[in-house]
Structure formats: C-alpha cells, structure tokens
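The listed protein sequences correspond, in order, to chains X and H. Using this note's numbering, the first residue of the first sequence is number 1, and each one after it goes up by one. Using this note's numbering, the first residue of the second sequence is number 1001, and each one after it goes up by one.
By construction, these hints were calculated from the structure, which means they are not laboratory data. As the structure is a computational prediction, the values presented were derived from the model and not from experiment. A couple of the hints might just be wrong.
As the list claims (entries may be wrong) - Covered stretches of chain X, going by a simulated chain H footprint (3 or more residues, C-beta under 8 Å):
#1 43-56
#2 87-94
#3 104-111
C-beta atoms are modelled at their ideal positions from N, C-alpha and C, and glycine is treated no differently.
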Amino acid sequence: KQEVTQIPAALSVPEGENLVLNCSFTDSAIYNLQWFRQDPGKGLTSLLLIQSSQREQTSGRLNASLDKSSGRSTLYIAASQPGDSATYLCAVKRGGSNYKLTFGKGTLLTVNP
Amino acid sequence: ETGVTQSPTHLIKTRGQQVTLRCSSQSGHNTVSWYQQALGQGPQFIFQYYREEENGRGNFPPRFSGLQFPNYSSELNVNALELDDSALYLCASSLDANNEKLFFGSGTQLSVL
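Isolated chain X, as found in the complex (with noise of 0.2 Å):
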C-alpha cells in the first residue's frame, strides 16, 4: 500500500526566504507526482505534475524535483511572499492506475510580512 509522508507539517518563515518542502512515498513504482496548493476550506490546485521519467519541473518562483528510485520529492519556493501562505499537498499517481491519487497529510506554510 502506498504511504505518502510529508514533512514538516508546518512550517512558519519570514517574507523573501526561500525554502524547501519535502515528500516522501513508499511505493516507488509511480506514474506521476504532483504537488498542489489548498486555501483554507478551499479546493486543491495544481501547481507542478513531474512524470516518472523526469528529473524537476519549474513553475515561476516554484522548482519540484523527483528521486524515484529514492521514492522523494522536494518543492522549492523561492523568494517566499505572504500570498504563498497554504497548504501544500503532495500525491502520486501508481503505475498501471489512470486515476487513483494517494494525497500526504500537507506542509501548512505561514509566510510572515
């Protein structure tokens, strides 16, 4: 059964600072990983999708990068600004399933003015 863990659960940082979300999976037989952001009570959006067979996608101020074989994940944000402030949720999608996501629990990030 794939586990998808994330960490830190929360994670409080000042305006500009650039920093780094982490995501791991036990299953490392994977489609794709995604990273996505949720409002609070809100729906989720997709931020970057990373196929199997790719390294990093860059998204603007955002950089996923992907070890399969190490079954991690890494999101980097740079230049943090009060409006990145949100939950951050990865999830990955199993090889040999086209529609199952398994979610991690989240990285709450407060950016601080």
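Following the hints, complete the assembly by docking chain H onto the known chain X.
Frame of chain X; chain H shown alone:
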C-alpha cells in the same frame, strides 16, 4: 476559478441520515473523481466516474455511492451517516479518464452530529 462547482457548500446532518452532494464538471470534461478530506488529513480517493460508469473505487464502504449524468455532472450519495463521515468532500473533473490534469471544486463541508 476552475469551473467546477459543488453544492451545497456546507451541510449539517445527524447520524443515520442520508446525504446527496452534487458536482458540475468543467465544460468539456467527461470524468469526475470524488475525494474525502478529513480535518488535518490529505484527500482520500472515493471513486471516479467516466462517461456515466464507475471507473475505479477506493477503500470506502458500499454506503458511499455515486452517479454521473449524461451532461457529466455527478452526485455522491452517502447512506446511514456516521460521525466519521464529517469531512470536506471534493469533486475533481478532468478532460478524460487518462488526463492527469485535475480541476477541483471548492468542496462541500459535511458535518455529522
């Protein structure tokens, strides 16, 4: 805004009752997935519907059932509500069952008393 709308936004029920949650998918999308997110947890996959047929199911009991209509909107029905069913229920649509880009609605917050 993703174009995925869910109703109602909030709902309070008592144990043993039945509830129906509704989701309108984004225009042109024929696949809908439902997730349950308990407080402080990541979303858990309930099931997916593709072209009006159930296309996959997570580890949820049969009292969780669904329906997809010809216009690809969807319903989630939960019978015999239990206290542990209290959660945010998220609907996500995608262009088709093989498309990895999910668009989430803002969810329905269900409280079971």
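Hints versus structure:
1. 43-56: Our answer is that it holds, as 5 residues pass the Cβ test (under 8 Å) against chain H, meeting three.
2. 87-94: Satisfied; 3 residues make the cut.
3. 104-111: holds (count 3)
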